Every structure is written in structure tokens, then in C-alpha cells.
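**Student:** With these hints in hand, go ahead and build the complete structure from the sequences.
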Amino acid sequence: MSVVVEIKHRFGDFALDVAFAAEDGVTSLFGPSGAGKTSAINAVAGLFKPDAGRIVIAGRTVFDARVFVPPEHRRIGYVFQDSRLFPHMSVADNLRYGWRRASRRMAESEIARIVDMLGLGPLLARASRALSGGEKSRVALGRALLSSPDLLLLDEPLAALDAARRAEILPYLERLRETGLPMLHVSHSVDEVARLADKVAMLRDGRVTAQGSVFDLLVRMEAIGAVLDTQVEGHRDGLTVLGFDGGRLLVPEIAREGRVRVRLRAEDILVAREEPQRISANNILPATVVSANGGDVQLALGNSRMMARITRASAARLALAPGVGVFAIVKSVIVDH
Amino acid sequence: MAFPLTPDETEALLLSLRVSTVAVFSGLPFALALALFLARVRFPGKIVVDGIVHLPLVLPPVAIGFLLLVLFGTREGPGAWLYQTFGIRFVFSWTGAVLASSLITLPFQVRAIRLALESADPGLDLAARTLGAGWWDRLATVTLPLAVPGIVAGAITAFAASLGEFGAIITFVSNIPGETRTLPLAIYSALQSPGGEAEAARLSLISIVLALVFMTLAELAQRRLKR
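These protein sequence lines are chains F and B, in that order.
Every letter in the first sequence is one number past the one before it in the numbering used here, and letter 126, counting from 1, is 126.
Every letter in the second sequence is one number past the one before it in the numbering used here, and letter 205, counting from 1, is 205.
One should not assume that every hint holds.
[Stated by the list, open to error] Only part of the chain F face toward chain B is listed, based on derived beta-carbon distances under 7 Å:
| no. | residue |
| --- | --- |
| 1 | 45 |
| 2 | 47 |
| 3 | 72 |
| 4 | 97 |
[Stated by the list, open to error] The calculated label-pair distances, taken between Cβ atoms and stated as ranges, are:
| no. | chain 1 | residue 1 | chain 2 | residue 2 | range |
| --- | --- | --- | --- | --- | --- |
| 5 | B | 118 | F | 96 | 27 to 33 Å |
| 6 | B | 49 | F | 113 | 37 to 43 Å |
| 7 | F | 132 | B | 88 | 55 to 61 Å |
| 8 | B | 118 | F | 121 | 33 to 39 Å |
| 9 | B | 224 | F | 160 | 36 to 42 Å |
| 10 | B | 49 | F | 15 | 34 to 40 Å |
These are calculated hints, taken from the structure and not from any lab test.
Only a predicted model underlies this, so the values are computations on that prediction, with no experimental measurement involved.
We put the beta carbon where it would ideally sit given N, CA and C, even for glycine.
**Tutor:** In C-alpha cells form, the structure reads like this:
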């Protein structure tokens with residue numbers, strides 16, 4: 001399953017000229033507002049016809065010089081930023097809207113699973129006007145999923161929500177990620193991308209400036225310390241052991257098993273040339289310097305990357321250069337719930 | 001003033017209600033099509049079409065009645081063809097009063113429906129598209145249901161306006177008791193006969209009450225739309 005997007009389009013003064021590919025999992029289009037992210041996914045949805053290019057969804061060409069499949073036949077699910085529930089219908093009718101019109105209708109058991117996953121059961125009989133912002137987002141997500149899309153498009157699904165509502169929705173999106181449904185996600189929030197994305201395409205002024213795995217790209221472009229997919233290996237002494245490709249991290253005990261995504265802040269990573277003894281930090285990991293650009297030191301641990309932000313003076317004093325072996329001292333780990 | 005009404009007056013009142021009801025419902029499909037067209041389609045010369053639709057609001061009703069007489073008279077033209085082929089006759093018939101009323105009140109319906117269509121969030125239509133709904137499907141399940149308050153408000157206003165139609169009816173289908181003599185025509189007839197002022201006053205009062213009731217209902221429907 002893959003998505004190939006190569007489009008050129010002029011909107012007045014703004015030129016959109018993007019090419020990116022997405023595979024299974026979550027691909028985030030990341031960039032500042034006005035970069036053309038929403039236009040790019042609107043083109044994928046078929047909401048407008050680009051001047052030139054091609055779009056292939058799951059092996060089916062939905063747009064090229066000769067083909068233009070209208071949105072109603074693209075088999076995509078679109079979760080709009082403003083949710084766009086039909087105000088004259090109940091939650092249940094909103095949910096059924098796309099399901100009824102799908103070319104392959106999802107089984108009732110599958111519906112029940114999604115309703116359950118998104119916690120929609122208690123909302124079914126409610127009028128959609130009467131929902132809170134967070135509830136609306138969840139219903140919009142469910143409505144799109146029930147139409148059995150080949151690809152799910154998410155336009156800043158959290159931007160319209162306050163921090164509390166955002167925290168309410170994110171776990172649902174993370175569960176959705178586990179289902180393996182291909183998703184194209186638009187965001188200008190590093191946090192959101194760090195939590196959800198597998199791949200990232202960076203957009204700026206209508207162009208893709210970089211694309212790659214979230215682990216490399218966010219660390220390289222946004223000076224985040226690290227984004228790591230870890231596995232819970234055990235719990236002991238009030239700590240949880242998280243294994244990742246490149247070592248182990250100890251974090252204050254969390255009540256979770258399986259895969260856990262964690263983030264490190266670049267400011268929370270210290271660099272030492274020798275293994276420190278008798279130090280309070282739990283996490284001291286052998287690493288290799290990949291690059292040292294002033295105080296931004298990129299480290300490799302197995303296949304994982306970390307960015308430590310230290311002072312220029314410290315970098316010079318430690319004589320950090322590519323290939324030098326060091327120890328990364330991680331002061332704190334952010335575990336999203 | 002004496003109530004209840006005389007049989008003639010009751011007849012005029014019931015005829016008025018019947019003519020207006022049928023006029024509103026038969027005008028509705030045309031109003032919907034025109035409103036959709038004006039709200040959704042962009043084309044050069046739209047302002048002219050808009051003007052033509054609104055023409056009945058400003059044209060003298062007598063002129064419209066005359067125009068209908070020319071078009072639908074049974075001696076020649078389309079009216080003659082209709083009469084000879086299908087036996088359909090508008091002149092001197094209550095259906096002619098319906099035709100005149102529905103034409104004259106069409107702008108009220110078109111205006112209200114168009115307003116409702118234009119105030120609807122176009123994003124909902126796009127959302128329906130991404131969920132697999134085609135054009136007619138979206139019209140039936142999203143566009144029209146959302147325009148219902150506008151449709152209702154337009155219909156009520158048109159109904160109230162239709163109750164007051166005089167010039168076009170008397171010119172087109174004449175003033176026949178029980179067939180085309182609606183309330184306004186009955187008032188006119190009462191005033192023509194000596195000592196008919198009391199009857200005219202009674203009928204006028206009924207007209208005022210009816211107009212007030214329906215205008216209030218229309219306003220309530222419009223308010224619902226704004227919410």
C-alpha cells in the first residue's frame with residue numbers, strides 16, 4: 001500500500017510544487033502555516049484539480065493528465081480541522097453516512113470495534129450540534145473510518161482543540177496508528193508529529209524541503225533531542241525498562257506494556273568523553289558522534305539518532321568530532337500518555 | 001360587525017386559502033431549482049436572470065395578468081395548444097388564479113431559499129463528497145435538509161403574499177364567485193355594490209389577521225435558520 005503524490009498548482013501568487021510518497025503508517029506533512037500542507041492533502045482528496053502531476057493511492061491512479069477521480073470515488077477518509085459533522089443528523093447518522101455509501105461495507109463487528117476504540121458508544125443517540133469540540137473530533141474520526149478508506153487524511157486534527165481536549169484525542173490517534181491504516185497527517189506542531197508520525201515530509205513555501213523517518217528528520221531539522229520507539233522490557237525498583245535500537249532507557253514506572261514512543265529534549269542530553277561514575281542519572285548510553293555543529297551534537301546509538309544541545313565551549317573542550325566515542329547522559333525522558 | 005361570515009364570504013375565504021396553498025406548492029419545485037441555480041452556478045449574465053426572477057415583485061400585477069392572458073388564452077398561442085391537446089384551460093378557472101399567484105410570489109420563495117443555501121457551510125458539502133455522496137445524494141441528504149428553515153420561511157411568505165393577490169387574478173381569470181373570487185376580489189366586489197362597506201370591512205379584517213399570522217410564522221422560521 002502506498003501513496004505517491006507529485007503535483008504542481010498555482011493559486012494566484014502561491015505556487016504549490018510538491019512530491020512525496022507515503023507508505024503504511026502515518027506520514028506527516030509538517031511545516032509552518034501557509035506552507036501548502038492543507039492544499040496538498042486537498043489535492044489528494046480531490047477537492048481541487050491540480051494543474052499538473054499525478055496522484056496514486058493504493059496502486060490506483062486517481063489523478064494524472066488524463067484521469068481525475070472525483071472525491072466521492074477516491075475511497076479516502078478526510079478528517080477536517082473543524083470536524084464538519086452534519087448538524088441536522090444525530091451522531092449515529094453521521095457515523096453511518098460514509099459507511100452506507102462505501103463500495104465495500106464494513107462488517108457490523110468492525111463498526112462495533114471502531115465505536116469502542118473511539119469511545120463513541122455513549123454519544124450515539126446525541127445530536128451532533130450538542131457535542132463538545134473533542135467529542136466532535138472523535139465522531140469525525142469515526143465517520144471517516146467507517147467509510148472503509150484506503151487512506152485517511154487528517155488536517156491538523158488537534159489544532160482547534162485546547163490542551164485538555166488534545167490530550168483526550170491523542171491516545172485515540174495513537175491507537176489508530178497501531179491498526180496500520182495508511183494516514184496522511186498535516187500539522188505544524190512538532191509535538192504532534194513526534195507522537196504520531198512514522199515518516200515526515202517537511203513543507204515550506206509550497207515545496208517539500210526534506211523527507212524521511214520521523215526519528216532522523218525531527219532530530220536533524222527541529223533540534224528535538226530524540227524520538228524513539230521503545231519496547232517495555234520490564235518493571236523493577238519503581239522504574240520501567242524501555243529497550244530501543246541503540247540501548248535501554250530507565251524511566252519512572254509507567255503502567256504500560258508493548259510499544260511506547262518517547263521523546264527526549266536536546267537540552268536534557270549531556271555528553272561525556274568518559275563514563276561518569278557515581279552520578280544520579282539513570283541513563284548513561286554509549287554513543288558515537290555523527291556531527292558536531294557548534295553546540296548541536298548529533299549522536300548515533302545503534303540505528304537511533306539523538307541531538308544533544310551543549311554549549312559551544314563544552315563542545316570545543318571535549319574535542320567532539322565525527323566518529324568520537326562518547327557517553328550520552330539522559331536527564332529526563334518524556335513519555336506521552 | 002357581524003360574525004359568522006355569510007356563505008359567500010366563507011366561500012371566498014376558503015377559495016383564497018386553497019388557491020394560495022396550491023400556488024405555493026406548485027411554485028416550490030421551480031423556486032428550488034432557480035435558487036439552486038442562482039446560489040451555485042456562476043455564469044456571466046447571472047444578474048439578468050436574477051432580475052427576471054425578481055420581476056414579478058416590481059411589475060404591475062395587472063401587466064402580469066395581461067401577459068398570462070396573452071400566453072394562456074384559449075384562442076391562440078400556447079394556451080390554445082394546451083386546451084386543444086390536453087384540455088387544460090387556465091382562463092376563468094381557479095387553476096389560472098393559482099398560476100398567477102404562484103408566478104407573482106415566486107421571488108419570495110427563491111429569495112428565502114437562496115439565502116438559506118448561501119448561508120450553509122460549503123465545507124459540509126465537501127465532507128459529504130469525501131464520504132462518497134454524489135451530487136443528487138448530497139442535494140437530498142445535506143443541501144436541502146439544511147435549507148429547510150429557508151424553504152419554510154419562503155413558503156409562508158409566499159402564501160401570505162398570495163392571499164393578497166388581486167390585479168393579476170382579476171385580469172387573467174376574471175371575478176367569478178366560487179371559482180376565481182378570492183378574498184381581495186370579494187372585497188372589491190363588496191365595495192362595488194351599494195351598502196357593501198360592512199362586508200368589505202369584515203373581509204379586510206380577516207385579511208389583516210391572516211397576513212399577521214403568516215408573517216409572524218415566516219419570521220419565526222427565519223430565526224430558526226439564523227441559529
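**Student:** Hint by hint, say whether it matches the structure.
**Tutor:** Structure-based check of all given hints:
1. Evaluation of the residue 45 of chain F hint against chain B yields a held restraint, the C-beta minimum of about 6 Å falling below 7 Å.
2. Evaluation of the residue 47 of chain F hint against chain B yields a held restraint, the C-beta minimum of about 6 Å falling below 7 Å.
3. Taking 7 Å as the C-beta cut-off, the interface hint given for residue 72 of chain F holds, the closest approach to chain B being about 5 Å.
4. About 5 Å separates the beta-carbon of residue 97 of chain F from the nearest beta-carbon of chain B, less than 7 Å, and the hint is met.
5. The given range of 27 to 33 Å is respected by residue 118 of chain B and residue 96 of chain F, whose C-beta atoms sit roughly 28 Å from each other.
6. At roughly 52 Å, the beta carbons of residue 49 of chain B and residue 113 of chain F sit outside the given window of 37 to 43 Å.
7. Here the CB-CB span from residue 132 of chain F to residue 88 of chain B is close to 57 Å, well matched to the stated 55 to 61 Å.
8. Distance hint for residue 118 of chain B and residue 121 of chain F: a CB-CB separation of about 37 Å, consistent with the stated range 33 to 39 Å.
9. In this structure the hint that residue 224 of chain B and residue 160 of chain F lie 36 to 42 Å apart at CB is violated, the actual value being about 26 Å.
10. For the hinted restraint 34 to 40 Å between residue 49 of chain B and residue 15 of chain F, the CB-CB distance of approximately 36 Å keeps it satisfied.
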